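First to last, the sequence lines map onto chains A and B. The opening position of the first sequence corresponds to residue 1 in UniProt numbering, with each subsequent residue numbered one higher. The opening position of the second sequence corresponds to residue 1 in UniProt numbering, with each subsequent residue numbered one higher.
Just to be clear, a hint being listed does not mean it is correct.
[Said to hold, decoys possible] List time: in silico SDA-like cross-link candidates among lysine to any residue, alpha-carbon distance up to 25 Å:
1) A:Lys74 / B:Gly194
2) A:Lys74 / B:Leu197
3) A:Lys74 / B:Asp191
4) A:Lys225 / A:Gly40
5) A:Lys74 / B:Arg192
6) A:Lys225 / A:Tyr199
7) A:Lys74 / B:Ala198
8) A:Lys74 / A:Ile28
9) A:Lys74 / B:Glu195
10) A:Lys225 / A:Leu193
11) A:Lys74 / A:Leu182
12) A:Lys74 / B:Glu139
13) A:Lys225 / A:Asp207
14) A:Lys74 / B:Arg140
15) A:Lys225 / A:Val26
16) A:Lys74 / A:Arg60
17) A:Lys225 / A:Lys74
18) A:Lys74 / B:Ala165
19) A:Lys74 / B:Phe51
20) A:Lys74 / B:Leu143
21) A:Lys74 / B:Leu104
Calculated directly from the structure, the hints in this document are not laboratory data. Please read all numbers here as calculations on a predicted model, not as lab measurements.
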Amino acid sequence: MIEIENVTHTYGHGEQSRTVLRDVSVRISEDRVGVIGANGSGKSTFVRLLNGLILPTQGRVRVDGLDTAREGRKVRQRVGFCFTDPDAQIVMPTVAEDVAFGLRRRGLSATEIQQRVRQALQQHGLADHADHPAHLLSGGQKQLLALSAVLVTEPSLLVMDEPTTLLDLRNARDVAERVAGLPQQVVLVTHHLDLLADYDRVLVFDDTRLVFDGTPADSVAFYRKLMS
Amino acid sequence: MTEMGLYRPGRSVVHRLPAGPKLAALVLFGIGTVLLDHLWQVGIALLVVLFGYRVAGTSLPAALHTAWFQVRPLWWMLAAIGVFHAVTAGWQAAVTVVGSLLGLILLAALVTLTTRTIELVDVVVRVIRPVRRIGIDPERVGLLLTLGIRAVPVVANLAGQVRDAQRARGLATSVRAFAVPLVVRALRHADRMGEALAARGVDD
Ligand SMILES: Nc1ncnc2c1ncn2[C@@H]1O[C@H](COP(=O)(O)OP(=O)(O)OP(=O)(O)O)[C@@H](O)[C@H]1O
Ligand SMILES: [Mg+2]
Chain A
1 MIEIENVTHT YGHGEQSRTV LRDVSVRISE DRVGVIGANG SGKSTFVRLL NGLILPTQGR
61 VRVDGLDTAR EGRKVRQRVG FCFTDPDAQI VMPTVAEDVA FGLRRRGLSA TEIQQRVRQA
121 LQQHGLADHA DHPAHLLSGG QKQLLALSAV LVTEPSLLVM DEPTTLLDLR NARDVAERVA
181 GLPQQVVLVT HHLDLLADYD RVLVFDDTRL VFDGTPADSV AFYRKLMS
Chain B
1 MTEMGLYRPG RSVVHRLPAG PKLAALVLFG IGTVLLDHLW QVGIALLVVL FGYRVAGTSL
61 PAALHTAWFQ VRPLWWMLAA IGVFHAVTAG WQAAVTVVGS LLGLILLAAL VTLTTRTIEL
121 VDVVVRVIRP VRRIGIDPER VGLLLTLGIR AVPVVANLAG QVRDAQRARG LATSVRAFAV
181 PLVVRALRHA DRMGEALAAR GVDD
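Construct the entire structure; sequences and hints are all you get.
Put into structure tokens, the structure is as follows:
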């Protein structure tokens, strides 16, 4: 359960300050939620609130009852975040090492870590690449690696900010299909509107505000009209 | 950028040896080379290292090829050192010194080729544990090392992108027209990576 109450967010101070989210309130309990909107409308800012990467200037954000401002650490243990550019998310030189990275400091034994890493790589078709240098993977494989590295920590909520924007159609589909099969609650920001067809709910942002909230069909129709 | 002196998976004895002893052996070999002053000693040292490559699972030609690959970036340095010693102390001294250095480079390469980066970093973290007393977190140092290693192919890739962009716009290759966008891209990348690290709980 995600609860966002009267959130306003402003970057910077004084003269240069810029408000990018205004008075957003929304409660999200659905399993599959999409976020769409024009460039610069505030989508990325909105989803970064969900794991406390950004703390709201005003208002309150809670995930499973935990306030992101006060219990950021616990929130981040529950919320996995997947970014657009996999190269920036992969922090270890080889595939298996990167997946293992998220499991450090969790009090797991070395064999337990190894086991979980192997399982995660198998699930996402990367088992044959365990010891390969990450930079030799294709763009699609890199994004799958980033996804595995997030999922291996077993978050209860997965937030994704345009995970398919840099991928070709096939890889975008592949990532979307894998995401569809996950047990986690998912919040997905995307410009690939067709990926949202089976979603439970889609939020539309425009110029700092949450302007529409409905079924994928209604939201996408609203968004198209807004852009025309 | 496809071939870096990074870990290559394998199951040999050399691969399975823990990182600590391997690094210790490297240090001892380094100290040992200072003591070598006969050609035959250097010859044996080189043979021992090549034998290490052989045990690590490569055929001899493949071992030599890998070895050459590791040495190639440094050959001009070795040549300069060799010439210097040949002129000042005779060809035998030159061969001894260059041979020792060659052995050391090859052994270092063997260690990195057969040990996961993370294991090497873990050893460093363990060894520098005392710095905790002066307020430095050894885990942080380890993370920094790993990020540094990971950054090499990423920055090389960014450099390639900048060069391509310049060519596409027909810009002459001035250092400035190359360096400025590269630094901008690298900083932007660092920003995103910082964000990803925070999301993965590094600061918690
Ligand atoms: N760190 C920052 N400092 C100042 N302004 C920022 C910062 N990050 C984003 N902005 C501004 O906030 C506004 C909203 O940005 P945001 O990234 O949330 O938009 P978005 O909906 O994700 O857009 P896109 O579809 O292009 O990803 C933009 O005008 C952007 O320039
Ligand atoms: Mg965005």
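Here is what the structure says about each hint:
A C-alpha spacing of about 19 Å is found between Lys74 of chain A and Gly194 of chain B, which places the hinted pair at or below 25 Å, so the restraint holds. For the hint pairing Lys74 of chain A with Leu197 of chain B, the CA-to-CA distance comes to about 16 Å; that is within 25 Å, so the pair holds. For the hint pairing Lys74 of chain A with Asp191 of chain B, the CA-to-CA distance comes to about 23 Å; that is within 25 Å, so the pair holds. A distance of roughly 18 Å separates the Cα atoms of Lys225 of chain A and Gly40 of chain A; the hinted pair therefore holds under the 25 Å criterion.
Restraint check for Lys74 of chain A and Arg192 of chain B: satisfied, since their Cα atoms lie roughly 22 Å apart, inside the 25 Å limit. About 20 Å separates the Cα atoms of Lys225 of chain A and Tyr199 of chain A, which keeps this hinted pair within 25 Å; it holds. Among the hinted pairs, Lys74 of chain A with Ala198 of chain B is consistent with the structure: their alpha-carbon atoms are about 13 Å apart, no more than 25 Å. Under the criterion of a C-alpha separation no larger than 25 Å, the hint pairing Lys74 of chain A with Ile28 of chain A is consistent with the structure, at around 19 Å.
Between the alpha carbons of Lys74 of chain A and Glu195 of chain B the distance comes to roughly 17 Å, so the proposed pair stays at or under 25 Å and holds. Our distance criterion of 25 Å between C-alpha atoms is met by Lys225 of chain A and Leu193 of chain A, whose separation comes to about 14 Å. As the CA atoms of Lys74 of chain A and Leu182 of chain A are separated by approximately 21 Å, the hinted pair is consistent with the 25 Å bound. A hinted pair counts as satisfied when its Cα atoms are at most 25 Å apart, and Lys74 of chain A with Glu139 of chain B qualifies at roughly 21 Å.
Using a Cα cut-off of 25 Å, the hinted pair Lys225 of chain A and Asp207 of chain A holds, with the two alpha carbons roughly 15 Å apart. In summary, the hint linking Lys74 of chain A to Arg140 of chain B is supported, as the alpha carbons are separated by about 21 Å, within the 25 Å threshold. Taking the CA atoms of Lys225 of chain A and Val26 of chain A, the gap is near 23 Å; set against the 25 Å cutoff, the hint holds. Of the pairs offered as hints, the one joining Lys74 of chain A and Arg60 of chain A holds, with about 16 Å between alpha carbons and a cut-off of 25 Å not exceeded.
At most 25 Å may separate the alpha-carbon atoms for a hinted pair to count; Lys225 of chain A and Lys74 of chain A exceed this at roughly 40 Å. For the proposed pair Lys74 of chain A and Ala165 of chain B, the alpha carbon gap of about 43 Å is over 25 Å, so the pair is violated. A hinted pair counts as satisfied when its Cα atoms are at most 25 Å apart, and Lys74 of chain A with Phe51 of chain B does not qualify at roughly 51 Å. In summary, the hint linking Lys74 of chain A to Leu143 of chain B is supported, as the alpha carbons are separated by about 22 Å, within the 25 Å threshold.
The suggested pairing of Lys74 of chain A with Leu104 of chain B is violated, with an alpha-carbon distance near 47 Å, which exceeds 25 Å.
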